[in-house]
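Since chain A is already given, all that's left is putting chains B and C on it; use the hints.
Given next are the chains, with one letter for each unit.
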Amino acid sequence: MAEFAEASGDLLERIRKSRPVIHNITNFVVMNTTANVLLALGAAPIMAHAIEEMVDISNISSALVINIGTLSTSWVKSMTYAARLARVAGKPLVLDPVGSGATKLRTDTACEIAKFSAPTVIRGNASEILSLSATGGMPRGVDSVNTTEEAITAAKTLAVERRTVVAVTGAQDFVTDGTRSFLISGGSPMMMSVTGTGCSASATVGAFLAVEKDAILATVSALALFKVVAEKAALKSQGPGSFWVQALDELHNITPKVFENSARIDPA
Amino acid sequence: MAEFAEASGDLLERIRKSRPVIHNITNFVVMNTTANVLLALGAAPIMAHAIEEMVDISNISSALVINIGTLSTSWVKSMTYAARLARVAGKPLVLDPVGSGATKLRTDTACEIAKFSAPTVIRGNASEILSLSATGGMPRGVDSVNTTEEAITAAKTLAVERRTVVAVTGAQDFVTDGTRSFLISGGSPMMMSVTGTGCSASATVGAFLAVEKDAILATVSALALFKVVAEKAALKSQGPGSFWVQALDELHNITPKVFENSARIDPA
Amino acid sequence: MAEFAEASGDLLERIRKSRPVIHNITNFVVMNTTANVLLALGAAPIMAHAIEEMVDISNISSALVINIGTLSTSWVKSMTYAARLARVAGKPLVLDPVGSGATKLRTDTACEIAKFSAPTVIRGNASEILSLSATGGMPRGVDSVNTTEEAITAAKTLAVERRTVVAVTGAQDFVTDGTRSFLISGGSPMMMSVTGTGCSASATVGAFLAVEKDAILATVSALALFKVVAEKAALKSQGPGSFWVQALDELHNITPKVFENSARIDPA
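Chains as they are written, first to last, in the numbering used here: chain A, 90 to 357; chain B, 90 to 357; chain C, 90 to 357.
The following block holds chain A by itself, in its conformation from the complex:
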């Protein structure tokens, strides 16, 4: 997938040049982390959840990212409303179904948004994606304990059912639109020891969607960037504290050329 890698570098350049505003309705744990990742990337984050300002925020945003961690029922209204505004305006929507499968509230909310809000991309771990799929079987908690195979089948089914791109992230990332599928390699196990890395990856997908209509290209590029950055950061760090500091530095400093040459994207 040399052509995908090449296109990815170009997308990174476009983000840095156009500095797209990314609207995040996300959880309390990762708001700071997500904002810092988007800034390091070169995008402009807005965190806002009050229903009274959804129209105004939507008007100035280029993409919407909905993340259901630390969910309150009162926030769901803002999420679905913001999603409707994004759809009407033709702006991309990323759904991050944090903890879907672990609680009924989150599974129901994630399924409802997946069904009625027409997300452009759904990004989650294997358990989360399985919980959203008709073939998903029983939820098994917050962490992914399902086999890669099950998750891949569920992702393809979900992608077709919802006419969306689905990304299952893990040691290897799997991205599919139901027809075309890709595997992204690299990264570092250290990603599992820092909170908000998945949520930040979803926000990064939002930033790439803001500059690229081809949703699968944008998603693959964003996740490939995360893998490259994590891999480089791991080499320069001694634990999760220094790893995350390095990751922000790498994300800020990486050139499109180095990104292109380091991205490991394969057809699946």
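Everything labelled a hint here was simulated from the structure, so no lab data went into it. Any given hint might turn out to be false.
Stated by the list, open to error - Below 30 Å or equal to it, Euclidean Cα-Cα: the simulated DSSO-like pairs (lysine-lysine) are:
id, chain 1, residue 1, chain 2, residue 2
1, A, 106, A, 245
2, A, 325, B, 346
3, A, 106, A, 346
4, C, 325, A, 346
5, C, 204, C, 166
6, A, 193, B, 166
7, B, 193, B, 204
8, C, 346, C, 302
9, A, 193, A, 204
10, A, 166, C, 166
11, B, 193, C, 106
12, B, 245, B, 302
13, A, 166, C, 193
14, C, 166, B, 166
15, C, 106, C, 302
16, A, 106, C, 166
17, C, 302, B, 325
18, C, 193, A, 106
19, B, 346, A, 193
20, B, 106, A, 325
21, A, 302, A, 346
22, A, 166, A, 193
23, B, 166, A, 325
24, B, 193, C, 166
25, B, 245, B, 325
26, B, 204, A, 166
27, B, 325, C, 106
28, B, 325, B, 106
29, C, 302, C, 325
30, C, 346, B, 325
31, C, 346, A, 325
As the list claims (entries may be wrong) - In silico contact screen, one side only, chain B against chain C (beta carbon under 10 Å); selected entries:
id, residue
32, 120
33, 121
34, 161
35, 188
36, 205
37, 206
38, 207
39, 237
40, 241
Glycine included, each C-beta is placed from N, C-alpha and C at the ideal position.
Relative to the frame of chain A, chains B and C by itself:
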């Protein structure tokens, strides 16, 4: 307390092997910090406060940590409900009474949870523990300005009254169940210059309780680990920014053996 | 402005000696960052928003900082109530109108607080200050795209209208009470790549106001400290991750003497 130190190393090993899910209902300031501390330690954090998902979260958690910083009255219901679920299921509960004594809302909430929710462990600074004790005298604000002696007496009284383990953390930590008492030395004054270190210590106590029934052993071990990690991190850092980065690295990397040999636990 | 720089060093010393309690009603994204900045500075942060505890928190605080990022309408009541308590008690109030101009909810809220809560200082970027001024023209989103000239005129007008000190921060900071005006130089573009730097600057202004009645001196000093710290941190860092770690270290370690000698304050 050589045998306590030895047991502590074993508990750390058990956490890393079993990766217990720790449910935190905690304040906005420290959610990210607490999640990162639990991940660095080897546990699996969940932050959730919606009453609709308390049953599901309780079912997959091994311990509950309640922290009343940035309190809203609407959250108190979820706290007491989650505490009831933990009690019924025989799961340990840690209460962190942040700011108890500083405001009536927090003092009342902390006292109510201490009285009716049967916490396994209560961890706070001297002022907070005094505010919860019948012998507590007048609250004196957020920071601890009380003498060590007053706090120790209050902790013992509270431990007996509530049949719980009480930890008063500070330059030296004091842990008691009313009968047995311990002092933990080490640490670094730099802990006072980073937000959320106390809250993270409480969450760490939760993780140790998840793998060890003896509540005083679990509490002493968790706090001793914090002291050791802080001491090591202080040696490698130049200020509160680099201190906290180092602390996360140390917490992730420390071996049970080094922990055992470095823990300074004494009978009080 | 050598005498201003000299006085600034003295204010820093006073903060570290008296450790003033600063009450913050601020947004979810920056709560942790703001608390860590205040701790590194030597002040004592409290984050609290429940209306039930506003009286108690006000009683133990030396300054109030209101920040309207991630605004909910339910928080506005607490903000205006806390502001009233501060005014009655003669305690300084800083208003940080995050995103004012970007949404009607935020513009209305910021204007209302500016009008009826008598802030001692209003600190924002050019767009935010313009949105609060009668001469402000049209809001243009979250980022400042207005000319320096427009913002300076708006700041002066606003300062006179509201009898307050107004600070417009950016590559150079502009501070005015409508009569006296100052420019503060230094800093680093890296400040733009970390979330919460503006919000933290506002909280730092709160800490300086807690130890100094002359609001323009306190504001200029606080912002000059931020510029000096950012400049020093940029020299020792490779990207936004390491920059922020260094900034916290520098803020904690800088001596009043070095601060005085490095501050670049000019009459405007």
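Interface restraint verdict for residue 237 of chain B against chain C (beta-carbon cut-off 10 Å): Since chain C brings no Cβ nearer than about 20 Å to residue 237 of chain B, farther than 10 Å, the hint is violated.
Distance restraint between residue 346 of chain C and residue 325 of chain A, which requires alpha-carbon spacing of 30 Å or less: 35 Å, violated
Hint consistency between residue 325 of chain B and residue 106 of chain B [alpha-carbon to alpha-carbon, up to 30 Å]: 28 Å, holds
Given pair status - residue 106 of chain A, residue 193 of chain C, alpha carbons within 30 Å: Satisfied, since the Cα-Cα distance of roughly 28 Å is no more than 30 Å.
Hinted pair residue 106 of chain A and residue 346 of chain A, Cα distance within 30 Å: 15 Å, holds
Agreement of residue 166 of chain A and residue 193 of chain C with the hint, judged by alpha carbon distance not exceeding 30 Å: 19 Å, holds
Distance restraint between residue 325 of chain C and residue 346 of chain A, which requires alpha-carbon spacing of 30 Å or less: 26 Å, holds
Hint consistency between residue 166 of chain A and residue 166 of chain C [alpha-carbon to alpha-carbon, up to 30 Å]: 22 Å, holds
Distance restraint between residue 245 of chain B and residue 325 of chain B, which requires alpha-carbon spacing of 30 Å or less: 36 Å, violated
When the least beta-carbon distance from residue 120 of chain B to chain C is tested against 10 Å, hint result: The hint holds - residue 120 of chain B has a Cβ within 10 Å of chain C, the shortest such distance being about 8 Å.
Status of the hint placing residue 188 of chain B at chain C (closest C-beta pair under 10 Å): 7 Å, holds
Restraint status (C-alpha distance of residue 325 of chain B to residue 106 of chain C at most 30 Å): 26 Å, holds
Violated hints, listed in ascending order, are 1, 16, 17, 19, 23, 25, 26, 29, 31, 36, 37, 38, 39, 40; each of the other numbered hints is respected by the structure.
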